[in-house]
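Asks: In case you want the letters, here they are:
2 protein chains.
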Amino acid sequence: MTSEKYMLLALKEAQKAFLADEVPVGAVIVDQAGKILSKAHNKTEHGLDPTAHAEILAIRKACQKLKQKRLWDCTLVVTLEPCAMCATAISMARISKVIIGAKDEKNGAVLSGVKFFESATCHFKPEVETGILEQECAQILKDFFKLKR
Amino acid sequence: MTSEKYMLLALKEAQKAFLADEVPVGAVIVDQAGKILSKAHNKTEHGLDPTAHAEILAIRKACQKLKQKRLWDCTLVVTLEPCAMCATAISMARISKVIIGAKDEKNGAVLSGVKFFESATCHFKPEVETGILEQECAQILKDFFKLKR
Numbered sequence: 000m001t002s003e004k005y006m007l008l009a010l011k012e013a014q015k016a017f018l019a020d021e022v023p024v025g026a027v028i029v030d031q032a033g034k035i036l037s038k039a040h041n042k043t044e045h046g047l048d049p050t051a052h053a054e055i056l057a058i059r060k061a062c063q064k065l066k067q068k069r070l071w072d073c074t075l076v077v078t079l080e081p082c083a084m085c086a087t088a089i090s091m092a093r094i095s096k097v098i099i100g101a102k103d104e105k106n107g108a109v110l111s112g113v114k115f116f117e118s119a120t121c122h123f124k125p126e127v128e129t130g131i132l133e134q135e136c137a138q139i140l141k142d143f144f145k146l147k148r
Numbered sequence: 000m001t002s003e004k005y006m007l008l009a010l011k012e013a014q015k016a017f018l019a020d021e022v023p024v025g026a027v028i029v030d031q032a033g034k035i036l037s038k039a040h041n042k043t044e045h046g047l048d049p050t051a052h053a054e055i056l057a058i059r060k061a062c063q064k065l066k067q068k069r070l071w072d073c074t075l076v077v078t079l080e081p082c083a084m085c086a087t088a089i090s091m092a093r094i095s096k097v098i099i100g101a102k103d104e105k106n107g108a109v110l111s112g113v114k115f116f117e118s119a120t121c122h123f124k125p126e127v128e129t130g131i132l133e134q135e136c137a138q139i140l141k142d143f144f145k146l147k148r
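Line order of the protein sequences matches chains A and B.
Be aware that the first sequence starts at 0, since it is given in numbering that gives the first Met the number 0, and climbs by one per residue.
Be aware that the second sequence starts at 0, since it is given in numbering that gives the first Met the number 0, and climbs by one per residue.
Source of the hints: derived by calculation from the structure; they are not laboratory data.
Among the hints, a few may not be true.
Said to hold, decoys possible - Straight line, CA to CA, 20 angstroms or less: simulated EDC-like cross-link-like pairs of lysine to aspartate or glutamate:
id, chain 1, residue 1, chain 2, residue 2
1, A, 124, B, 48
2, B, 114, A, 104
3, B, 105, A, 117
4, A, 114, B, 104
5, A, 60, B, 48
6, A, 66, B, 30
7, B, 124, A, 128
8, A, 105, B, 117
9, B, 102, B, 30
Make a model of the complete structure from these sequences and hints.
Replies: Written out as structure tokens, the structure reads:
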């Protein structure tokens, strides 16, 4: 599958979050053969868990599935630029590639903010692809926060 | 209790991690009245979970206990300087104060590295107290890694 096809799956997860009244961010993790290892969406509200971002939940699920704490040669596809918590988790999980939809200048830590992967305390740097279905990934967030105002 | 007494409890958690062959880091979360809300130690190996740092587990437990996703007016006491994942989680959980034992120049993100709380994308900055039982907190890590070599 292409990056766009995987991002559509991540967007489907974001839509599930939207319908559950959670900030609509979704993520999928794919192995080297293109097989989906995990899908997840943001669950901070219903999970009563500030760490329950889509990326963290997807990493945990994929590790449980593979019965290992490293996700070598895997790709994480996420609708919104990861925050510093998630960027660090991605690096620690040894995920090879990150595909990002929308930028997040307020909370992001890959292209924005502390740019964790470029920092001296990042000891494993994944490849990064950005701007995949950027408009669609940003629009669902705009729609969500418009309803909240 | 004083910071030292809470740090001794965090060190007890680190000792549990040591005995379980996990990197010996422990954390406790205390509420405004001084009541212990949660205790946790690093479980990345046995949990097959790269996100299972002591701080993340302690935050999740405390949130479940209080049935809320914010830990306003709480203090997190941790034997090792938090990494960028944990520092971000601490900020997002709105923890008021962080008490740190040993510094971590390699992976830390409070005093070292990206210094997340000082960054423009940190929107809630906790008070930080450092160097509490620093020798003891550093020694258990040294002992652990000496055995691994």
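Asks: Tell me the numbers of any earlier hints that the structure contravenes, in ascending order.
Replies: Hints 6, 7, 9 contradicted; others consistent.
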